[in-house]
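2 protein chains.
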Amino acid sequence: MANSRSGDSMTTRIVRVLDTFANDRTTQTASEIARRAGLPSSSAHRIIGDLIDAGLLERDDEGRVRLGMRLWELALRGSSALRLRQTALPHMEKVQTVVREHTQLAVLEHDEALFLERLSHPEAGANITRVAGRLPVHASSSGLVLLAFADPVVRERVLSAPLRAVSRETVTDPAALRSLLAGIRRRGHVVATGSIESVSTGVAVPIRDRGEVVAALSAVLPRDADAAPVIPVLTAAAKDIERDLRDSR
Amino acid sequence: MANSRSGDSMTTRIVRVLDTFANDRTTQTASEIARRAGLPSSSAHRIIGDLIDAGLLERDDEGRVRLGMRLWELALRGSSALRLRQTALPHMEKVQTVVREHTQLAVLEHDEALFLERLSHPEAGANITRVAGRLPVHASSSGLVLLAFADPVVRERVLSAPLRAVSRETVTDPAALRSLLAGIRRRGHVVATGSIESVSTGVAVPIRDRGEVVAALSAVLPRDADAAPVIPVLTAAAKDIERDLRDSR
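Taken in order, these protein sequences are the chains called H and A.
If you read the first sequence in this note's numbering, its first letter stands for residue 1, the second for the next number, and so on.
If you read the second sequence in this note's numbering, its first letter stands for residue 1, the second for the next number, and so on.
I should point out that these hints are in silico values taken from the structure, not numbers from a laboratory.
A quick note: this is a predicted structure, and the numbers were derived from the prediction, not measured.
Hints are not guaranteed to be accurate.
Each pair may be met inside one copy or between any two copies, as identical chains are not told apart.
Derived pair list, reagent style SDA-like, types lysine to any residue, alpha-carbon separation capped at 25 Å [stated by the list, open to error]: (1) 239 x 26; (2) 239 x 23; (3) 94 x 188; (4) 239 x 29; (5) 94 x 166.
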């Protein structure tokens with residue numbers, strides 16, 4: 001009942017429809033969605049109709065389709081992402097008053113760093129990160145922290161797959177990366193200069209809940225900024241977030 | 001194909017499953033979900049399995065089910081909620097540095113005020129609002145602003161439905177509410193004392209995009225705080241948000 005003749009579940013096809021939306025593609029025609037989702041037009045139109053009826057998609061004044069507020073509400077209400085982010089936010093704001101660049105919160109999601117939050121000073125420098133965007137774990141400072149403290153199974157899977165050089169300075173040699181990750185576990189932080197964008201330096205620390213690293217807190221600075229004073233600011237904020245996570249259980 | 005024997009579309013049933021999660025109910029067993037969604041156990045288990053396969057739900061270490069990070073990602077990436085919220089956030093932070101209580105952003109969603117963001121000072125007073133939570137439009141300051149500037153069809157629908165007294169001071173008489181809304185349109189703001197919680201005063205102003213009110217920016221103060229100085233702070237922030245929305249098109 002839930003499966004189409006092609007064997008995809010209805011859920012899979014809904015995900016394929018939702019997955020066609022992106023930061024720089026917030027409205028699409030039904031035909032564009034069908035094409036990008038790789039679904040037959042009739043099937044896509046029926047799913048889009050169902051999703052509009054349920055409020056998960058909306059039609060704008062020109063008849064183009066966009067993500068609905070109802071989807072946003074269902075995804076956030078009761079999500080651990082929201083709990084983590086609401087707990088971290090006041091402490092991220094405190095970091096921002098000192099760092100005055102970018103402060104970010106990321107989690108490990110399917111071997112990538114998924115960013116839950118980003119605060120940016122109006123005059124801050126370059127930053128590739130987007131809220132609800134992803135970056136490779138081996139290249140971003142947040143990702144490196146998440147990878148360093150990840151389940152060894154995840155770490156080996158990432159290290160054994162081809163590692164793409166995002167910038168000229170991305171570490172892509174598995175042995176060098178392994179030693180970098182060991183250093184992060186020892187020191188409890190990373191300073192990654194130019195590894196994702198040559199113009200910036202990322203500084204990241206782990207956030208633990210129930211003894212496990214659940215997120216990375218990071219700051220993105222201009223490449224030549226002094227990262228040293230930022231490390232204790234991030235470490236103190238991570239401790240505060242951990243305490244509040246504990247208290248809110 | 002997408003419909004069950006009961007006539008519900010698969011999408012509707014997925015929404016019913018996701019809808020069982022809430023702020024205070026972030027993990028559930030599959031049986032609890034089935035019961036709360038009003039779905040036959042076998043059907044619920046199959047949908048939950050599909051949603052877990054797609055990453056929209058996750059199982060925790062104890063086998064209980066929670067909302068997945070993938071759902072959060074799909075709902076946010078490319079959503080107008082995220083664009084509005086990212087545009088508003090720096091200006092909300094600026095409001096917070098002056099108001100030091102609660103600053104909030106809400107949109108009209110199915111005749112209710114849906115809150116996209118809330119910033120709170122650590123020592124701020126009571127506030128019923130939750131991110132991804134809803135409040136009645138006729139009782140919350142944000143809701144009153146959204147209702148004042150809503151499509152007349154929406155306004156008449158709300159005014160002709162029974163209006164619940166959320167607190168002793170909620171205006172529930174349609175004629176009185178109509179006059180209150182006309183005043184909000186004239187003045188461009190509302191100061192609502194005790195209308196949703198007797199201990200607090202809400203102050204709200206509209207945010208426009210392409211000539212239409214798309215959101216309300218509000219502050220929640222202790223009941224007896226002086227609201228007058230907050231009005232120009234919110235009005236200036238709303239203007240800044242409107243400018244940034246225009247620039248980001």
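Can you tell me if residue 94 and residue 188 fall within 25 Å by alpha carbon in one copy, between copies, both or neither? within (20 Å within a copy, 32 Å between copies)
Intra- versus inter-copy proximity for residue 26 and residue 239 (alpha-carbon distance at most 25 Å): For residue 239 and residue 26, the Cα distance is within 25 Å only across copies (24 Å; inside one copy 37 Å).
Using 25 Å as the alpha-carbon threshold, which applies to residue 94 and residue 166: within, between, both, or neither? neither (31 Å within a copy, 35 Å between copies)
With identical chains, the pair residue 239 and residue 23 could be close in the same copy or across copies; at 25 Å between alpha carbons, which is it: within, between, both, or neither? Cα proximity of residue 239 and residue 23: across copies only (24 Å, versus 32 Å in one copy).
Have a look at residue 239 and residue 29 and pick one of within, between, both or neither, based on CA distance no larger than 25 Å. So residue 239 and residue 29 fail the 25 Å test inside a copy (46 Å) and across (31 Å) alike.
Consistency with the previously given hints fails for numbers 4 and 5, ordered from lowest to highest.
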